[in-house]
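4 protein chains.
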Amino acid sequence: MNADQFERTGRSAYKGWTTCATRYGDLDPNGHVNNGAINAFFEEARVSFRRDNLAEQCGDVLKGFVVAHFSVDYLAALGYPGEVEVGTVVTRIGRSSFGLAQAIFQGTACIAAAEVVAVHTDPATGKAVALPPPLRDALMDYLVSG
Amino acid sequence: MNADQFERTGRSAYKGWTTCATRYGDLDPNGHVNNGAINAFFEEARVSFRRDNLAEQCGDVLKGFVVAHFSVDYLAALGYPGEVEVGTVVTRIGRSSFGLAQAIFQGTACIAAAEVVAVHTDPATGKAVALPPPLRDALMDYLVSG
Amino acid sequence: MNADQFERTGRSAYKGWTTCATRYGDLDPNGHVNNGAINAFFEEARVSFRRDNLAEQCGDVLKGFVVAHFSVDYLAALGYPGEVEVGTVVTRIGRSSFGLAQAIFQGTACIAAAEVVAVHTDPATGKAVALPPPLRDALMDYLVSG
Amino acid sequence: MNADQFERTGRSAYKGWTTCATRYGDLDPNGHVNNGAINAFFEEARVSFRRDNLAEQCGDVLKGFVVAHFSVDYLAALGYPGEVEVGTVVTRIGRSSFGLAQAIFQGTACIAAAEVVAVHTDPATGKAVALPPPLRDALMDYLVSG
Numbered sequence: 010m011n012a013d014q015f016e017r018t019g020r021s022a023y024k025g026w027t028t029c030a031t032r033y034g035d036l037d038p039n040g041h042v043n044n045g046a047i048n049a050f051f052e053e054a055r056v057s058f059r060r061d062n063l064a065e066q067c068g069d070v071l072k073g074f075v076v077a078h079f080s081v082d083y084l085a086a087l088g089y090p091g092e093v094e095v096g097t098v099v100t101r102i103g104r105s106s107f108g109l110a111q112a113i114f115q116g117t118a119c120i121a122a123a124e125v126v127a128v129h130t131d132p133a134t135g136k137a138v139a140l141p142p143p144l145r146d147a148l149m150d151y152l153v154s155g
Numbered sequence: 010m011n012a013d014q015f016e017r018t019g020r021s022a023y024k025g026w027t028t029c030a031t032r033y034g035d036l037d038p039n040g041h042v043n044n045g046a047i048n049a050f051f052e053e054a055r056v057s058f059r060r061d062n063l064a065e066q067c068g069d070v071l072k073g074f075v076v077a078h079f080s081v082d083y084l085a086a087l088g089y090p091g092e093v094e095v096g097t098v099v100t101r102i103g104r105s106s107f108g109l110a111q112a113i114f115q116g117t118a119c120i121a122a123a124e125v126v127a128v129h130t131d132p133a134t135g136k137a138v139a140l141p142p143p144l145r146d147a148l149m150d151y152l153v154s155g
Numbered sequence: 010m011n012a013d014q015f016e017r018t019g020r021s022a023y024k025g026w027t028t029c030a031t032r033y034g035d036l037d038p039n040g041h042v043n044n045g046a047i048n049a050f051f052e053e054a055r056v057s058f059r060r061d062n063l064a065e066q067c068g069d070v071l072k073g074f075v076v077a078h079f080s081v082d083y084l085a086a087l088g089y090p091g092e093v094e095v096g097t098v099v100t101r102i103g104r105s106s107f108g109l110a111q112a113i114f115q116g117t118a119c120i121a122a123a124e125v126v127a128v129h130t131d132p133a134t135g136k137a138v139a140l141p142p143p144l145r146d147a148l149m150d151y152l153v154s155g
Numbered sequence: 010m011n012a013d014q015f016e017r018t019g020r021s022a023y024k025g026w027t028t029c030a031t032r033y034g035d036l037d038p039n040g041h042v043n044n045g046a047i048n049a050f051f052e053e054a055r056v057s058f059r060r061d062n063l064a065e066q067c068g069d070v071l072k073g074f075v076v077a078h079f080s081v082d083y084l085a086a087l088g089y090p091g092e093v094e095v096g097t098v099v100t101r102i103g104r105s106s107f108g109l110a111q112a113i114f115q116g117t118a119c120i121a122a123a124e125v126v127a128v129h130t131d132p133a134t135g136k137a138v139a140l141p142p143p144l145r146d147a148l149m150d151y152l153v154s155g
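Chains as they are written, first to last, in my numbering: chain V, 10 to 155; chain U, 10 to 155; chain P, 10 to 155; chain A, 10 to 155.
Just chain V, with the same shape it has in the complex:
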C-alpha cells in the first residue's frame, strides 16, 4: 500500500502525533507562516516520532536517519499565533529505507500533506545500511492500515 491509497488529508490514517506552535519568526512578508516553517514542523514531527516510538531500536534519534526525498502539498494558509498537530505514519518499509506520510492539521483542516523517504545510515560513514530487524519490527507497528 502506498501513500496514494489512503486519505492523506484526513486524520484517521496517522498513527503518531506531535504538536507544534507557530512562532512570530515563522511569518513571511505576506503575514503567513512560511513554507520553510511548515517544512520544519514536518521535521519536528519526524524527530518526535523517532524519539517516541523508535528510540530503543534506533539509538541516537537525532542522527542515523537521512531524508532522501521530501514531497509536500501546501493546502491552506497558516496564521500566527496558533498550534498545529502533525500526524505521521509509515507507508513502506524497504531494505535500508522506509516511507512516511505526514500531514499538518488545525482541527480537521489539513494545512499540508507530505511524503518522505528516510534512509537508515551509519552516522560514522553516512552510508545506507540495512534496517536492523528490531527497528524494522518497530516500524511495522506504525505501518499504515489497509
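These aren't lab readings, by the way, just hints derived from the structure by calculation.
Be careful, since some hints might not be right.
Said to hold, decoys possible - Calculated pairs, BS3-like style, for lysine-lysine (alpha carbon to alpha carbon, straight line, at most 30 angstroms):
(1) A:Lys-72 to A:Lys-136
(2) A:Lys-72 to V:Lys-72
(3) U:Lys-136 to P:Lys-72
(4) U:Lys-72 to P:Lys-72
Given the structure of chain V, go ahead and fit chains U, P and A onto it with the hints provided.
Here is chains U, P and A on its own, set in the frame of chain V:
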C-alpha cells in the same frame, strides 16, 4: 529603577509569561539550542506580551514596535526537546520608547537574561512617535516593582 | 515535456541561475547544511528568478506567487562554508499555475533537485487567477528545451 | 581601551571583514530583514573571523568559543535583496574571554553595531579555559587601535 536594580535571573520580578518549545531545527553543530533561537524566544515573548497585555492600546501587535537595542547574557546551555518559560517586565517608560527586561527559565534555572529598548513607531513612516496615553497607562501596569 | 524528460541533475537544462552562500546557522547537529536551508536556497532562487526575469510582468515579485507543491531529492551532503549555484527552468505553463524544475550545484555535483508547482494568485484575495498573457509569454522564454 | 572609546559606526576601526547576502527568508511581516537575521550576520562574521584569522591557533573554528554576552544597537532598516559587510575587531583580551566589537554596513551606512563577550571553552567539558598563548597573540593582531 533600572534593570540592574532587581534580580534579573530570578522569576519573581517578571510580570508577563510565555511558554516556548525548542525545535530540532534550533540545534547547532554543538547539539545545543543556538543563540539565534534563544533570541527568537525573547522575540516571541515580546509579541505575546503585546498581544496579551497591550492589544487594545497598541492596535496591530505585529507592527508598530521596533527594537532599537537588545542586550543578552547567555547563562546556561539549552537542550532539545524541552520547553522554556520567558518572563517579561517593563523597566522604563519614556516619551516614545520603553525598556523591557526579559529572562528565559527552565524551572528555576535562568538560561538567558535580556534587556530591550523598544520604540513606538508609525508603521506608515517608520518614525518614532510619542507613546499614546492609553498605551503608556497599560505599560505602567507591567512596570517592575521596587 | 515534463521534468522527468530531461536530465535534472545536469546543469545544461537550467535557464536561470542564482548563487547562495551557506551560513553557519544553516548547520545541523550532524555538521551538515540542514534540509531546511537547502529548501531556502530553492526559495531564494525562485524569488531571484521572478525578480530577474518576470518583474515587469508580475508586479510585486515578493507576492502573488504561492507554492502549492514542492518535491525534492536530497542527493549529497552540503558543507560550510561554501557557495552553491541554483538553476531554475520552467517545465509547464498552465492556466493559473506553472511548473518549475530546480537544482542546486557545487561545480558539476548536484546537491539536490526539486520540482515546484507555483500558482499565480491575487494578493488581495489569495485566490488563483489566470496567468496574464504577458506573464505567460515571459514564462515561455524560460520553458525547458526539448 | 573599550568599545565606547572608538567610533563604532564608522568603518575605520574594524580589522576583519565578512560579506553576507540577505535572503528572502530573512524578511519579516514588515518587509524588513528581521533582527534575527541581523544577529545571524554577526554570528556569521564571528565564525569567518575565527576561520580566517585564528584557525591555526584555535583548532576547530566551529567549536570552543561560546558567546556569553551579546549587545546590539539596530540603527537602520535593512532591505532585500542586498549584501552587507560586517566588520569585526578585538576590543579586550582577558584570561579566558575576549571582547569583540562588530558592525554591519551597506556602503558607509551602519545598519547595526554590536559588542560581544566570547569565552574560550574546552569543547569536551564546556568549561572556560585560559586562552592559550598562541591564540592570545593572534587576537592581539586584531586588537582595536588607539
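Does the structure keep A:Lys-72 and A:Lys-136 at a Cα separation of 30 angstroms or less? holds, 13 angstroms
Mind checking the alpha carbons of A:Lys-72 and V:Lys-72 for me, to see if they're no more than 30 angstroms apart? Answer holds: A:Lys-72 to V:Lys-72 is near 19 angstroms, not above 30 angstroms.
Given the proposed pairing of U:Lys-136 with P:Lys-72, does the C-alpha separation stay at or below 30 angstroms? Holds. U:Lys-136 to P:Lys-72 sits at ~25 angstroms (cutoff 30 angstroms).
Taking only the CA atoms, is the gap from U:Lys-72 to P:Lys-72 under or equal to 30 angstroms? Since the Cα atoms of U:Lys-72 and P:Lys-72 sit roughly 19 angstroms apart, the hinted pair holds (cutoff 30 angstroms).
Violation of the numbered hints given earlier is absent; every hint is satisfied by the structure.
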